[in-house]
Amino acid sequence: MKKITFILFCLTMMFSLEGYAQFDCSSGVVLTDGYTASNILTNGDGGIEDWNDPNPTDSCSENGFYWDDDVYLFTYTAGASPEQISMTTFTRNSWNGLAIFSSCSGTALDNCLNADVNTSGNVSHTVTANIEAGQTVYIATGQWGTPNGLDFDVTSFSVTTLDSEPDCAANALADTNPACGNYDVPFSWDASPGADGYYLTVGTTSGGNDIEDATDLGSDTSYTLLAPTLNTDYYWTVVPYNVVGSAMGCSENMFTTSTDGCYCESDTTLVDGTGISNLQVGTTDFASGGSLGYEDFTGAAVDLGAGISSNVQITFNTGYSYGVNIWIDLNDNFDFEPEELMFTGEETTGDEPVVFDASFIMPVDAPLGNHRMRIGSDDTPEDSADPCNESSWHVTMDVDVNIIEVACSPATATATLAADCDNSQFFVDVDVTDLGDATEVTDGTDTWAVSGTGVLQVGPFADGSSVDLTLTHTDAECDLALGTFSNTCPILGQICETAIEVMSVPYMTSDDTANYLDDYENGSSSCSAFYMSGDDVVYSYTPASDIVVDILLSNIGATYSGIHVLDGCPDATPNCVAFEGSSSTNDRDLQDVALTGGTTYYIVISTWATPQSTTYDLTITENTCTDATAAYSVESDCDNSGGFFVNVEITDMGTATDLTVSNDQDATTYAVTSLSTVQFGPYANGTDVVVTISDDNDVNCVQDSEALSQVACPPANNDCINAIALTNGLTFDENPLIATNLGATDSGETAPGCAFYQGGDVWYSAIIPADGYLNFEVNTDDSSITDSGGAVYTGSCGSLVLLDCNDDGSTNGAHPIITVDDVSLAGQMVYFRVWEYGNNAVGTVQVATWSPTLSLGEDNLSAFTYFPNPVTSQLTLKGQSNLNKVSIYNVVGQEVLTMEPNNVEAVMDLSSLTSGAYFVKVEINNQIETIRVIKQ
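Heads up: the sequence shown runs through residues 188 to 1123, numbered per this note's numbering.
Be aware that one or more of the hints could be misleading.
[What the hints assert, rightly or not] The following label-pair restraints were derived from C-beta to C-beta distances:
1) Ser-861 x Gly-1025: 41 to 47 angstroms
2) Tyr-507 x Ile-925: 56 to 62 angstroms
3) Ser-1011 x Gln-1114: 19 to 25 angstroms
[Unchecked claim] With a Cα cut of at most 25 angstroms, we get these calculated SDA-like pairs of lysine to any residue:
4) Lys-1108 x Met-1086
5) Lys-1122 x Gly-959
6) Lys-1065 x Thr-813
7) Lys-1065 x Cys-992
8) Lys-1072 x Gln-1015
9) Lys-1122 x Phe-1054
10) Lys-1122 x Gln-1061
11) Lys-1072 x Asn-1112
12) Lys-1072 x Gly-959
13) Lys-1108 x Tyr-1053
14) Lys-1122 x Thr-1063
15) Lys-1065 x Pro-1039
16) Lys-1122 x Gln-1015
17) Lys-1065 x Gln-1114
18) Lys-1072 x Leu-1084
19) Lys-1122 x Asp-906
20) Lys-1122 x Gly-935
21) Lys-1072 x Gln-1123
22) Lys-1122 x Met-1086
23) Lys-1072 x Ala-1028
24) Lys-1108 x Pro-1039
Calculated from the structure, these hints are not laboratory results. Note that CB positions come from ideal geometry on N, CA and C, so glycine has one too.
All chains, please: the whole structure from these sequences, using the hints.
This is how it looks when you write it as structure tokens:
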């Protein structure tokens, strides 16, 4: 090795060690004032990994993943005085973070003081913190995921001694609402130079602290006083602080809230349909003002009686189901509080128009007089539960109501449905807790007399019917609506409670899930988040003793169906016992399902999304044997038959003593009595082979493999060692080769790190021209491959050094182009690795190396030919001009043969060379070209 090469190698290793060594808190680079550094690199997967696992518990409100992968660490310890430190970096990679932490243990950073992150590359980060005398801090640049490596400069690091506390904050403002004294009041102030944070004191007297008492706000320069009191004086003081101390003599600020209060706003310009067309409260109708998100019906108060039903009817014209909530501000404090919620419900039909009954019982102790009613409605029911809702697609209505005392004595009662599915009917139990002047319960046709408090059962009513019940009063104003009641009993097989019971096995049935309802949804099964959104049928089976069964779902009439076996009902968080779901109509075959005696299992058949239902056959049989266990593999035989073998390794005999192993392509069978491996084939590429293993002692134990095959033999340049030499051209179109990935496997070389490499790579080589400039490019061939990746390497196969990796830099489709521009590489052979993005498509692309700066003759040497290649012993070269000199080099650059034929033909004896790749340098008329040959 030349001396200069050795020195460069050592320098490279020193730099690499700096990148690899940082993997704990003690390995950080010690900083001093004025520190800078350039081109700090880490090597991704090969370098610094798995910091902060788990992630930092305190990362200055930034995502801790920014310091979870590659991390480059610095440390700094303050001197005898408090100091302000600041670092600025410039990062070329994306998804980088820079932060200052006050603690570090092992590989875990914590207690963040300041952070700056960005998802973009080629950006600057700056962090600043004030630290105490003698304090040690940790400054970390980190990488979150791709590109999984750091590439940055430290452009500045400064230290400033802090010898005084900060000044008081300027421009301290309280933004009060002059019209609404109960509205929140935002405070704000300018950041004070040199401050670490701010203490805030708020009170209702001068110097008072009954709201905030020197509360530490950290670095925030704002605060919001929530729900202030009307016509009240507030006093507040903000005091900046740092590690030296707190600002002195900061002024107290004061403001007074308005005497008037306001209700919160709830409006939107986005309305479903035309919103509402009418609102009826009591006996008063309010016509809509148009397609509005807020309807103001205040002004004339509507009388509503205390302790009796308050009528509210909303006519929706939205075309969607709507959640509805109603509040009344009973204490008149301009706030709709949870205890003032009168009604919660949902209009579920989505019809347009539709009248929704939102009536409720006014509390008997509701304060008499005028109050504000707010009705909130939204196509997202959760949003309608917010009286100050400002989301889109809602309608909010305000009404003034006057709560009055009624002359009659209202009853108090609740009603509960009682199903009687055994007799296809239901009852309603009416629990009267205060009779008042009530006399009877009626459904509009029949009546049931009420004589006192207690439970009165009314009915029966036919299953599937609907009834409206009212507890009537001598004064109709005090009639109490009990509600609307209906019930439909589940059919056999619809839900767990009515599951079809499997009494014994074997069991076989044919059915259609359309005969049952859709009761369970995706996510109900612990087996899968899917395949339970269509119609469901439920079977139950309780074996008397432990048993192993096979459960077969066959003759499936639709796609996207699944079968779940659970040890409990889907709505009761059961354990998954067995499951199979698929988009195909192939059988779902659950074999060797072990069931425990005395446990009830539920077998649920359903579909996912569409279709809604499917026909099926369900067969359950007891498994009297245990299948053998086998491992299947495909073995290439490309060098001989050009096809492949199938190997079957029996790793467990199960309960069998004798097995027969066969295949579906020929009559070959094997009798297996012990653990062993058998081989079938060879077969032609593309043949699907299914292997069958049969238990000779029990016909119930027969199993088939998946289809086993080899698509094609690998291409000649499947591996780096067999790279095909490219001829450099002035343009791409001059010397392109057609590359195919049909049959290509993973070459085993280190993954390149771009263009979603998943194997299936092919290899080429090229010689770098004298000026060191060469493009390596892939273009579309026949559109069979539309996306590819490429990587260029120096070195030798097995120990390659990545120069660059590219995804879609070419202007010809989503294909790569890599430019090498390094005169130090002139004359060297480099490798070009090409693969299809994700390795999920097979076809061809064009591959070429080219340079517009090739000198005359360098791109098209005086024509000569050489053969054979691969070569066993003699290599023949023929030129149109004399071959002046021919030299042969091995892959590490050593000259192993040379001759000066000075003739148009030369024959070289390579029989003494070991098998492998060699480079042949041919000189003709002072022009040189290098070719690659394989010695067998």
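Okay, the hints, checked on the actual structure:
For the hinted restraint 41 to 47 angstroms between Ser-861 and Gly-1025, the CB-CB distance of approximately 43 angstroms keeps it satisfied. In this structure the supplied range 56 to 62 angstroms holds for Tyr-507 paired with Ile-925, their Cβ-Cβ distance being about 58 angstroms. Look at Ser-1011 against Gln-1114: about 22 angstroms separates their beta carbons, and that is inside 19 to 25 angstroms. Of the pairs offered as hints, the one joining Lys-1108 and Met-1086 holds, with about 11 angstroms between alpha carbons and a cut-off of 25 angstroms not exceeded.
For the hint linking Lys-1122 to Gly-959, the alpha-carbon distance of about 29 angstroms lies beyond 25 angstroms, and the restraint is violated. About 69 angstroms separates the Cα atoms of Lys-1065 and Thr-813, which puts this hinted pair outside 25 angstroms; it is violated. A threshold of 25 angstroms between alpha carbons decides the hint, and for Lys-1065 with Cys-992 the separation of about 38 angstroms lies outside it, so the pair is violated. With a CA separation close to 19 angstroms, the supplied pair Lys-1072 and Gln-1015 stays within the 25 angstroms bound.
Under the criterion of a C-alpha separation no larger than 25 angstroms, the hint pairing Lys-1122 with Phe-1054 is consistent with the structure, at around 12 angstroms. For the suggested pair Lys-1122 and Gln-1061, the alpha carbons sit about 10 angstroms apart, so the restraint of at most 25 angstroms is met. Distance check on the hinted pair: Lys-1072 and Asn-1112 sit about 10 angstroms apart at the alpha-carbon level, within 25 angstroms; holds. The suggested pairing of Lys-1072 with Gly-959 holds, with an alpha-carbon distance near 24 angstroms, which does not exceed 25 angstroms.
With a C-alpha separation of about 12 angstroms, the suggested pairing of Lys-1108 with Tyr-1053 holds against the 25 angstroms cut-off. Our distance criterion of 25 angstroms between C-alpha atoms is met by Lys-1122 and Thr-1063, whose separation comes to about 13 angstroms. With a C-alpha separation of about 28 angstroms, the suggested pair Lys-1065 and Pro-1039 falls outside the 25 angstroms cut-off, and the hint is violated. Under the criterion of a C-alpha separation no larger than 25 angstroms, the hint pairing Lys-1122 with Gln-1015 is consistent with the structure, at around 20 angstroms.
This hinted pair checks out: Lys-1065 and Gln-1114 have alpha carbons roughly 15 angstroms apart, not beyond 25 angstroms. A hinted pair counts as satisfied when its Cα atoms are at most 25 angstroms apart, and Lys-1072 with Leu-1084 qualifies at roughly 11 angstroms. For the suggested pair Lys-1122 and Asp-906, the alpha carbons sit about 16 angstroms apart, so the restraint of at most 25 angstroms is met. Note on Lys-1122 and Gly-935: the hinted pairing holds, with a Cα-Cα distance of about 22 angstroms set against a maximum of 25 angstroms.
Of the pairs offered as hints, the one joining Lys-1072 and Gln-1123 holds, with about 24 angstroms between alpha carbons and a cut-off of 25 angstroms not exceeded. Between Lys-1122 and Met-1086 the CA atoms are separated by roughly 18 angstroms; this keeps the pair inside 25 angstroms, and the hint holds. A C-alpha spacing of about 45 angstroms is found between Lys-1072 and Ala-1028, which places the hinted pair above 25 angstroms, so the restraint is violated. At most 25 angstroms may separate the alpha-carbon atoms for a hinted pair to count; Lys-1108 and Pro-1039 meet this at roughly 23 angstroms.
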